[in-house]
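Chains as they are written, first to last, in our numbering: chain E, 1 to 161; chain L, 1 to 161; chain X, 1 to 495; chain U, 1 to 495.
Think of the hints as simulated: they come from the structure by calculation, not from any bench. From the three backbone atoms N, C-alpha and C, an ideal C-beta is built for every residue, glycine too. Hints should not be assumed to be uniformly reliable.
Cross-link-like lysine to aspartate or glutamate pairs, in silico, EDC-like; alpha carbons within 16 angstroms at most [as the list claims (entries may be wrong)]:
# : chain 1 : residue 1 : chain 2 : residue 2
1 : U       : Lys-3     : U       : Asp-58
2 : U       : Lys-456   : L       : Asp-76
3 : X       : Lys-142   : X       : Asp-90
4 : X       : Lys-472   : E       : Glu-75
5 : E       : Lys-161   : E       : Glu-133
6 : U       : Lys-456   : L       : Glu-18
7 : E       : Lys-127   : X       : Asp-343
8 : U       : Lys-4     : E       : Asp-52
9 : U       : Lys-456   : L       : Asp-61
Here are some chain X residues pointing at chain E (derived, C-beta under 7 angstroms) [claimed, not checked]:
#  : residue
10 : Gly-219
11 : Met-349
12 : Ile-411
13 : Gly-414
14 : Ala-462
15 : His-466
16 : Tyr-467
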Amino acid sequence: MRISVETNGKTMEVEVRETADGRFRVELDDSEFTADARKLPEGGLSLMIGNDSLMVYRKGDELYINGILYRIKTEDPLKKELLQSSSFQASEGAVTAAMPGNVKKVLVKEGTEVKKGAGVVVLEAMKMENELEAPLSGTVEKIHVSEGQSVEAGALLFEIK
Amino acid sequence: MRISVETNGKTMEVEVRETADGRFRVELDDSEFTADARKLPEGGLSLMIGNDSLMVYRKGDELYINGILYRIKTEDPLKKELLQSSSFQASEGAVTAAMPGNVKKVLVKEGTEVKKGAGVVVLEAMKMENELEAPLSGTVEKIHVSEGQSVEAGALLFEIK
Amino acid sequence: MFKKVLVANRGEIAVRVMRTLKEMGIRTVTVFSDPDRIALHTLFADEAYPLGGTTSADSYLKGDKIIEIARNSGAEAIHPGYGFLSENADFAELCRENGVVFIGPPASAIRQMGDKVTSREIMTAAGVPVVPGFDKPDMTEKDALGFAEKAGFPVMIKASAGGGGKGMRKVDKAEDLGKALRAARSEALSSFGDGHVYVEKFVEHPRHIEIQILADNYGNVLYLGERDCSIQRRHQKVIEEAPSPFVPPEMRKKMGETAVQAARAAGYRNAGTVEFLVDKNHNFYFLEMNTRLQVEHPVTEWITGLDLVAEQVRIAAGELISLKQQDVKLQGHAVECRIYAEDPDNNFMPSPGTIQLLRTPAGPGIRDDSGIYEGGEISLYYDPLLSKLTAYGPDRDSAIRRMCRALDEYIVAGIKTNIEFHHKVLNHPEFAAGDHDTTFVSRHLDELTVGNSREKSLAVVAAAIHYYLNNKPVINSGQAQKCSQWKHFQRSGWL
Amino acid sequence: MFKKVLVANRGEIAVRVMRTLKEMGIRTVTVFSDPDRIALHTLFADEAYPLGGTTSADSYLKGDKIIEIARNSGAEAIHPGYGFLSENADFAELCRENGVVFIGPPASAIRQMGDKVTSREIMTAAGVPVVPGFDKPDMTEKDALGFAEKAGFPVMIKASAGGGGKGMRKVDKAEDLGKALRAARSEALSSFGDGHVYVEKFVEHPRHIEIQILADNYGNVLYLGERDCSIQRRHQKVIEEAPSPFVPPEMRKKMGETAVQAARAAGYRNAGTVEFLVDKNHNFYFLEMNTRLQVEHPVTEWITGLDLVAEQVRIAAGELISLKQQDVKLQGHAVECRIYAEDPDNNFMPSPGTIQLLRTPAGPGIRDDSGIYEGGEISLYYDPLLSKLTAYGPDRDSAIRRMCRALDEYIVAGIKTNIEFHHKVLNHPEFAAGDHDTTFVSRHLDELTVGNSREKSLAVVAAAIHYYLNNKPVINSGQAQKCSQWKHFQRSGWL
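Just need the whole structure built from these sequences, with the hints factored in.
Structural data, given as structure tokens:
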């Protein structure tokens, strides 16, 4: 199976094959690796790549190898094409919450003209305030939240046009 | 629901009811308890009985309350009756393995007459040998294992008649 | 001794305090907000009482309600932990009025030390060095200039009512002073409704070094060595150590004795911390006194062998401190890393969520004071401190290497944490040399936060195999196709 | 210093040794048997090599294969842990012949100390006290009686080739001696094919107290205080502590200096332990020397602040011991509980199986050296030691109370363990008074093993609610009935 692996903004193509004895051959650039894999309780994986013993846990894009965190995206190139063709393109002026939080303040009204970098909404979480700024100069088209409201990570907060 | 609870060889009848507000009323002997219950990750349970905070984990007959182990059996009296009427009665002279292990030695042959307490099979596990004795005087009817064999806990080892 | 004590806090510190109470044979009571019904401290206590509410103001800051619960449950004393009500003089007073022992200093000491100007006055009167400064109603530009030229530039203009850097200006030379004074006054007025400012000598490249003290009701005041808390981000400590690599023995003694003087001047009781700013010439200046248990108290426990919470409880119960100054022996070195739910690569933004996977370090010289468990929720309503990891070794170098080993064992998935950030700080040559000050993190921010710099090719191979196993084409029976890929993986022959 | 070291062991000790190696920046290599492919030590190592085989003899005892792996992997040294090859003189020699450093004493010291008669002779010659005894070819009843009357009854007849209590007889008075001598000879002959016996003074109510020593290649030999290991079951230690509540300072010094004498007499290098039997009058007698790291070394690490594995590695690499005798400072008190997979209520029978649930203790003064993880298998082929839990406190009482708190936090489900047994020992008045000897467990077996004696009514209520939630009648839709009860419980509204 061909898999594209992205890390630190760089994408690599990796070929993984299962061999007859239940081991794995992995090709990456010009190198070839042989690996033995065993499942661990709670979703972990023990890999012996050569004789390097790796304890692997994966949650989303987070890959832990012997306790060390790597941010790595993996995708099947086939699936990726499918996804990209139908993907939703978010507007440049739309701002979403990077973390769950409470809307502490809404600093401007809908229809106001703002400059790029002007504060629009203040989110609060865990004793810390975070002012979200207009990503571009323009008009505040829509504010989707009101003061005191709590929002999830990824929630659309406001749009500038 | 009526539940029979057995601990330290003593059986108690307990009545558990769910109340309208999602709490529990439990009657035990002359006492009544009110409890709030929340599920914890990995199968645990947080109980507030009165204001006592109990963290409860259960595996088989082992009940852990705030880390302290209680051996407790619980059964639905209805189910219990069903089970008892059809239960398999093991023979008095049959000896099973109390732990998984390796059969280190078989000390007697089938057909031999043995006295109660005579050694019949030696099981070995974790650097320790354990000699299993005849539970009654009689003839070694059948030996189900041979030297060097590994057995699971509960495996039938031999029968005396 | 008390039979039952209420812990009016949550998270790691509530659990840590209850551990000692349990060791002392004292029954533990705690309180919990609505989101904390199954938080670790609620589960850990012998008895737990609902406070209702979600925000801190609606729950853990409800002093009257907490005192009522203490009385109803039969708790004879309240341990406030840190934060929340721990430095609230009114709460301490209310406890006393209701016949509940507040495990901390008297309300008067909290009140005096809580006010910047008052505490500065008390310390000056007691001969404790403070940062040279000048304060006068309606201070003119000429007044300020007179001070600045005597003390030497740079100086700092600060709002009396200040906090969070507002109404604050650093002034490097005489000609900038007037403008800075006006700007600070105007900002102070608009931020706090009070335009009063004062001027202080600016301490360049300061280290933050604090002295732990213990004071009982019988006039005994002890110092337990110092902690160096110079690694800070956003004016908040992230790594602390004891002893400080910057403090020679004679300075340790002098700082310790000065801290005792400060505590006596404040009429202090129980455990407390006197914080100092230290300049590059080893001059130290009183910064403030924290009238409670510090977050970083475990590093002092490591090098003294003492249990500070046990000392707090004993002092509050009217007992003597368990030892004398001459019996305090500092041995070895300890480092603490505060494990926060935050993203160092994104301006240390908090990261609430569910702990999907948790592996905690253990073994020689490692202590983990945690308030979380696998599957638990990190709520956005409270402080993002997940755990305090401390490492001990015979010397600074071995303690640091031990900490690095433990950080590698520590896995928290599902939320972002600063574990990798800690690793980078500990491996930075400036930190390794003990040559850092409070500007360390901001000066090296880029080096400390750009992702993970370790070797990656095995990680790529591992990621690819992991993906393969979860997505490989199912070629067996129709039955298998109904299962998730992972289940199929579990059943297939290669395991 | 070494760049790469192979750890030829498994379980908790392999993990513990690798932790220190990682802290020293040394790459870790280990070996594993077939059942240990995903054992913790295999996962924990940087590199792991299959040994094949299942039993110890077929895997971890294959010295030649392990040396081959060390050479092929580029490991410069082998740490043997305890057990397995750690006291095998031939293996130590084979390492040397193959240019691999054996992290332990020279083969000659292992060989001499491994033989009961030789070690007794060496110690006697060096002036180290041994249990008074008499040994002569063809010893007559008269010879034995002569000794017994001089030394005083009771005496012990022991087989030279002995072990496991066979060929051993305790004799209380002169008229029983002849019969006992004949019986012991006959039993020794039939058990070992060698009827040679000798006679020794019987030490009544002995304590088992041992001295940790360190010896480098430059003639430095240090003693690091004693450990009291008198709590034993089946002649195996279960609870150890340092210091011993039975040893006053002057005796500590005398025992330490005697142990150094013993180590010098044996030409010893690296870490080792001199075991003594101590009678009620504080007389101590050489028992044997363990030429390796002891299971219970963490209690010494707690009170000295040292890392004994790091000292072992440094000594093996030709470095000096990191400190001098006068720098050894003992501070506080430490207790160790060995957590075994065994059933104390059933004659301590081993209990292999799967760890279904694991909650480990943490917080102040607690160290858990474990070789297991949740979901892992405890194999019947190896030692049943799961973990070593150690607790530290400023004094014995606080260390014991801390240990009790930690035992309450410790949950191991799926197999039987001795956690509750430990709790009972620690709470026994004789242990609390420090007044116990090696007969403690057998004398109090009934009190220590009859189930759980704590208050039970809340447990019954909890069990009933747990049962109810997993078995309550499903009254909703047909859909729900397809799910397991627990799933239904997860979905239902009351959560």
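Comparing the hints with the structure gives:
no., hint, result
1, U:Lys-3 <-> U:Asp-58, "violated, 29 angstroms"
2, U:Lys-456 <-> L:Asp-76, "violated, 20 angstroms"
3, X:Lys-142 <-> X:Asp-90, "violated, 40 angstroms"
4, X:Lys-472 <-> E:Glu-75, "holds, 12 angstroms"
5, E:Lys-161 <-> E:Glu-133, "holds, 14 angstroms"
6, U:Lys-456 <-> L:Glu-18, "violated, 22 angstroms"
7, E:Lys-127 <-> X:Asp-343, "holds, 15 angstroms"
8, U:Lys-4 <-> E:Asp-52, "holds, 13 angstroms"
9, U:Lys-456 <-> L:Asp-61, "holds, 15 angstroms"
10, Gly-219, "violated, 38 angstroms"
11, Met-349, "holds, 6 angstroms"
12, Ile-411, "holds, 5 angstroms"
13, Gly-414, "holds, 6 angstroms"
14, Ala-462, "holds, 5 angstroms"
15, His-466, "holds, 5 angstroms"
16, Tyr-467, "holds, 4 angstroms"
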